[in-house]
Structure formats: structure tokens, C-alpha cells
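Undergrad: Starting from the known structure of chain S, fit chain G onto it as the hints suggest.
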Amino acid sequence: MESKVDNYQDQIYHFKGLWDVPSICGLKIVKKAENTVVIATDLFEDNPGTSITEWNVKLAKQICDENEIDYTDLIYIEHTPDKKTKLSFNHESFFKVKFDVTSDKFENPQWQELAKNEVDKLITE
Amino acid sequence: MKFQLVFPKWRKLEGQTTFNLPPHGAIVFAATIPQDIEVEFIDENLEEMRFDDDVDFVGISMLLTTQIKRGWAIADEYRKRGKKVIFGGISTMLHAEETMEHADSVFLGEAEGHMEQVFKDFKNGELKKVYNHMNDLPPIEIVGPARRELYNRDLYYHKGVQMVDLFHASRGCKYSCYPCAVSYLGGRQFRPRPIDKAIEELESIDNNRLFIVDNSLAQDTQWEKDLFKAMIPLKKKWCSHTIEDKPEVLDLAAQAGAWYVYQAVFDTSDYIKERVKRYHDYGIGVEGTILLGLDNQTEDDIKRLIDFLLEIDLDLAEFTVLAPFPHTKAYNDLVKQNRIFNKNWDDYNAGQVVYHPKHMSAERLQELYQYAWDTFYKDESQEEKMFKLLKKVVSREVEDGTFKKRRQDLSKSSFGKNVIHKIA
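Chains S and G, in that order, are what the protein sequence lines are. If you read the first sequence in my numbering, its first letter stands for residue 1, the second for the next number, and so on. If you read the second sequence in my numbering, its first letter stands for residue 1, the second for the next number, and so on.
These are computed hints drawn from the structure, not numbers from a lab. Careful: at least some of the hints might be erroneous.
[What the hints assert, rightly or not] Simulated restraints on C-beta separations:
| id | chain 1 | residue 1 | chain 2 | residue 2 | range |
| --- | --- | --- | --- | --- | --- |
| 1 | S | GLU66 | G | ALA73 | 39 to 47 Å |
| 2 | S | ASP73 | G | LYS128 | 40 to 48 Å |
| 3 | G | ARG79 | S | LYS16 | 25 to 33 Å |
| 4 | G | GLU101 | S | PRO22 | 25 to 33 Å |
| 5 | S | THR102 | G | ASN296 | 34 to 42 Å |
| 6 | S | LYS121 | G | ASP270 | 38 to 46 Å |
| 7 | G | LYS120 | S | ASP70 | 47 to 55 Å |
| 8 | S | ASP10 | G | SER176 | 22 to 30 Å |
| 9 | G | GLU97 | S | THR102 | 17 to 25 Å |
| 10 | S | LYS16 | G | PRO233 | 41 to 49 Å |
| 11 | G | ARG79 | S | ILE12 | 42 to 50 Å |
| 12 | G | GLN16 | S | THR102 | 44 to 52 Å |
| 13 | S | THR102 | G | SER204 | 54 to 62 Å |
| 14 | G | ILE340 | S | ASP73 | 26 to 34 Å |
[Unchecked claim] Beyond 10 Å from chain S on every Cβ pair, some chain G residues (computed):
| id | residue |
| --- | --- |
| 15 | LYS69 |
| 16 | ILE90 |
| 17 | SER105 |
| 18 | THR242 |
| 19 | THR402 |
Small disclaimer: the values here were computed from a predicted structure and weren't measured. Just so you know, even glycine gets a beta-carbon here, dropped at the ideal spot from N, CA and C.
The following block holds chain S by itself, in its conformation from the complex (with noise of 0.2 Å):
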């Protein structure tokens, strides 16, 4: 099935990285009833500082907190864009992230791969 959805960041957002240094990345959020989907996008060269990946426990929780959103409702996915090479390591890819959450923090990032129409499923249904 192709998919129909070509546009996974709806903002810039900004965001101190390690070391305080500003960073970027792109940014949607989906609000749904049962849960709220976050993507965030690796920007590459236009990131002057830290990736989303590298910041994921910090970076998760400051966009639910701003947001509102509920921590237990988060599926939160980290987004590369292709980079329009051949190397297959610069090819589009989405993670889906789960944290060992508490009250204060995010921590003990996991990984799992997802394929574009499952995120797509995810936002549009």
C-alpha cells in the first residue's frame, strides 16, 4: 500500500540540547482520543545542535509537558527523512520509542522500527 501522508512535521521546534546548545527539529502532534502520536524530525545539517535521538528521554517529556499531553497516552516516534542519497543508512526511517516512565523523568529508551504505513495508520485513523 503507498502511502498518502507526505508531511510528518507541522513546526520547527526549538529546544536546548546537551550542553544547552539549541537545537531543532521537526515537529506534529497528534491529538486523538485514545492516545496523542508526537513525531519528532531529525533536521540533519539544519540542526545546529543535538539529535532527537541523542535527547529522546528529555526531549519527549518537555513536549508533553508544554503540550499537555498525558505521559501514559504518548507513542512517540522519532522521524529520519530521507536525505535523497543512494546510501541506504540516509534513507526515511521511523522508530517508535517507549520510555520507562516516572513522575519526573523519561528514561530507558527502546527502539522499535516502524514502516511508513504504520505511521500513517497511526495519525490518520
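TA: Positioned in the frame of chain S, the structure of chain G alone reads:
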């Protein structure tokens, strides 16, 4: 006040020709230290540590991930003796949190403009645990010249032949390559040094052969051309990472003394083949740098790549396996996929496989890495190929009157140690 600046040793790759080049980052850093401080430099790759020297403050300059555990051990020794230790350099930034456990202070970022404060804090007993200047890059105009007078010069000779001196003409890199940590290190923006400053430093180097260590000179054509144009009268001979292969750039580079350049060879395309030929057309040698173990490589791809290298007439080739250094996309990808099985930083030397490759076992990739070295240098050894390149530069130096004979007093030593001559 005396400051001892240490460059820790690391385990060299087995089976490869080892050359000890004079370290660069440490002496660039040394140029930022206030002038009233006496600085003593130890390159542990060539010198014994002197933990009991009468020094007030110790700096450890770290370049490589494979160097950091030794750096930590050195710091522990000094601290046992009551000395304060500060760490800096690229791999300090890559491993800052772990390094803090072995340090009185960690400096993050580029040192220019900040060392007065650090030394003032030290003198006042107020050294900070972290000097975070990751987000505070200095104006490029104030960089350098490096303090090469700190080297024990005689150590950087092999059988009387002086090793190249390292030099940098720019900082930062606009590219974002998969295995590279430049985005984390804060160097996303290309920052070329003013030409007059670069030339002033080049003129001051008492060595006709250089390695220009910039990530890539191919980032601003006009600056690159201006730099090469200004270098022509110096008659230096140099190797470097990538330069642009436009005819006008190559022409100026050749006139400026381009000896050989590094060229990443990542596939068997005509693009690579033609690029290597273009360098050769201008008399510039090419050392291929070949990274093995990327996710797009199968065993057959690697074997085909090695056959290709033999076809395109490379002057030298250097093989590495992917080392997923922290703060790179390569590291992030492999962590996400739970594929890193070895976190001993000593082994992150780009010669040892520390992760599960996508299309083969780690053991098989290790074998193919060895196969690559053996196959490429089967008919002509690395030393023989290097000697050929050396002959080329010597003949150019003889032509333009810059050739210096090898030092007879050091002809029986290699990097400070006596060598026994073998009779072939």
C-alpha cells in the same frame, strides 16, 4: 607557574605502517594559554610519562576515542599525587560525562579567548568542574599560530626523514557525514581562517612538508582558490583531505604544492574513477579512504570495491571499519537497532568491529577488513607505495630548490628509538 600538557598514547593498528606525526590539537590549544605560564608538552606516544615532575597544573589533550581510557588513567595518576587536571580536545567533548569522573575540570568547545579565565580560576582555587563553551565559538581571526616550539622535534623523524607538520586553515564543516560527529562538536558552519593569518602561520613552520588537517577544504571555492594562490610562493608540499576537483582549483592546488589528497571511495562508480584521474592529471596523488561495514555493503560489494581500487590506480589506500563514535548518526542508528556489542572505547580505533553489521557477521567483516589491506598491498607493500609518493615529492623539491637532505644524525633512529637496519 608550570603547566604540563599531555597527549596520551593509544594502541596502534596491527600490521600497518606506523607513523607518529606531531600532534596538532594540543599545540593549537597551547597557543591560547596565557603567556606568563610555562608550558611543557609530553607526547606519550613517543615519550615516557613524568608524573613526578614539579608542575602546578596538568592538561590532557584528547583527540581520539581510542585514546580516552589512557587519558583517564593518566589523570588518575596525577590526581593521586595531588595535581589538578583539566581535559580538553575533541574526544573530551565526545566523552565529556565519563571524563568528568577523572577530571578536576573539563573544557568543552574551542579554547581561544577562554584560557585567561581558566588559569585565573585555577590560581584562585576556583577551577570549575565544566567550562562549557560549546555554544560560544571564538572569532576565527584569533585562532593560531600553533606553538610548535613545544615539540621535542627530534622525535618526529623516521630514519632521518622529518614527518609532515600538521596545520589547519579552517574550522567547521557544512557537511553532515554519517560517521562524523561534527554536528555535535559545534562545527556545522564552515569557518575559514583569513588568508593572511593562514599564510603567516604556514611561513613560520620549519618544515617543507605538511598535512593540512581541515575536515574538507572543498567548502568555499573562492577562499580555497585564494588560499592556494597565496601558498604558491611558499613552495610547501602538502597532503590534505578533499579539495574540489574543478580544473581551476586543481591547477592552483598543484602550483601551491598539493602532493596527495585523501578521497573517500564509497562505490565503484565512474564518478570516483574520473575524480581520481582528474587529480592525477594535475600531478596530485590520491590516497583512497575506504570505510567498510556500512549497511549498504554486502560481502560481494566489499570484494568488488577492493577490485575497483586496484583498477583506478590509487597511490595508497587506507581501510577502516565503521566506528560508531558517540554523537554521530552512525552511533544513534546502531543504538536504536541494538547492534553495538562492544563499548570498550580502546577498541574504537576504526580497525576493530564493535557492532553487528547488517549483511554479515562481525567476524566476517573483521576478516574482510584484513582481506582488503592484504589484497590492495599484495603486489606492492604499503611502505613501497609510500616510498613512491615520497620520491615524487622529493623530485619536485629538487626542482624548486626546497629539498632538504635527511638528517644523518637521526638516520639510525625512528621516532626517537634506535632501529636496526635490515639487509635485504
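Undergrad: Could you run down the list of hints and mark each one as holding or not?
TA: Hints versus structure:
The supplied range of 39 to 47 Å is met by GLU66(S) and ALA73(G), whose beta-carbon atoms lie about 43 Å from each other. Between ASP73(S) and LYS128(G) the C-beta distance comes to about 41 Å, which sits within the given range of 40 to 48 Å. Between ARG79(G) and LYS16(S) the beta carbon distance is about 31 Å. The supplied range of 25 to 33 Å therefore holds. Separation of GLU101(G) from PRO22(S) is about 27 Å and conforms to the stated range, judged on CB atoms against 25 to 33 Å.
Take THR102(S) and ASN296(G): their Cβ atoms lie about 40 Å apart, and the range 34 to 42 Å holds. At roughly 42 Å, the beta-carbon separation of LYS121(S) and ASP270(G) lies within the given 38 to 46 Å, and the hint holds. A beta carbon spacing of about 50 Å between LYS120(G) and ASP70(S) agrees with the range 47 to 55 Å that was offered as a hint. Taking the beta carbon of each, ASP10(S) and SER176(G) are about 24 Å apart, inside 22 to 30 Å as hinted.
With their beta carbons about 21 Å apart, GLU97(G) and THR102(S) fall inside the hinted range of 17 to 25 Å. The beta-carbon spacing between LYS16(S) and PRO233(G), approximately 48 Å, falls within the hinted interval of 41 to 49 Å. At roughly 44 Å, the beta-carbon separation of ARG79(G) and ILE12(S) lies within the given 42 to 50 Å, and the hint holds. Taken as a hint, the range 44 to 52 Å holds for the pair GLN16(G) and THR102(S), whose Cβ atoms sit roughly 49 Å apart.
Under the hint 54 to 62 Å, the C-beta atoms of THR102(S) and SER204(G), about 58 Å apart, fit the expected range. In this structure the hint that ILE340(G) and ASP73(S) lie 26 to 34 Å apart at CB holds, the actual value being about 31 Å. Listed as a non-interface residue, LYS69(G) keeps its Cβ farther than 10 Å from every Cβ of chain S; the least gap is roughly 22 Å. Residue-level check passed: ILE90(G) sits 14 Å from the nearest beta carbon of chain S, beyond 10 Å.
Taking the minimum C-beta to C-beta distance to chain S, about 15 Å, the non-interface status of SER105(G) holds against the 10 Å cut. At roughly 17 Å, the least C-beta separation between THR242(G) and chain S is larger than 10 Å, which holds for a residue marked as non-interface. No beta-carbon of chain S comes within 10 Å of the beta-carbon of THR402(G); the shortest separation is about 40 Å.
In this structure, none of the earlier numbered hints is contradicted; all agree with it.
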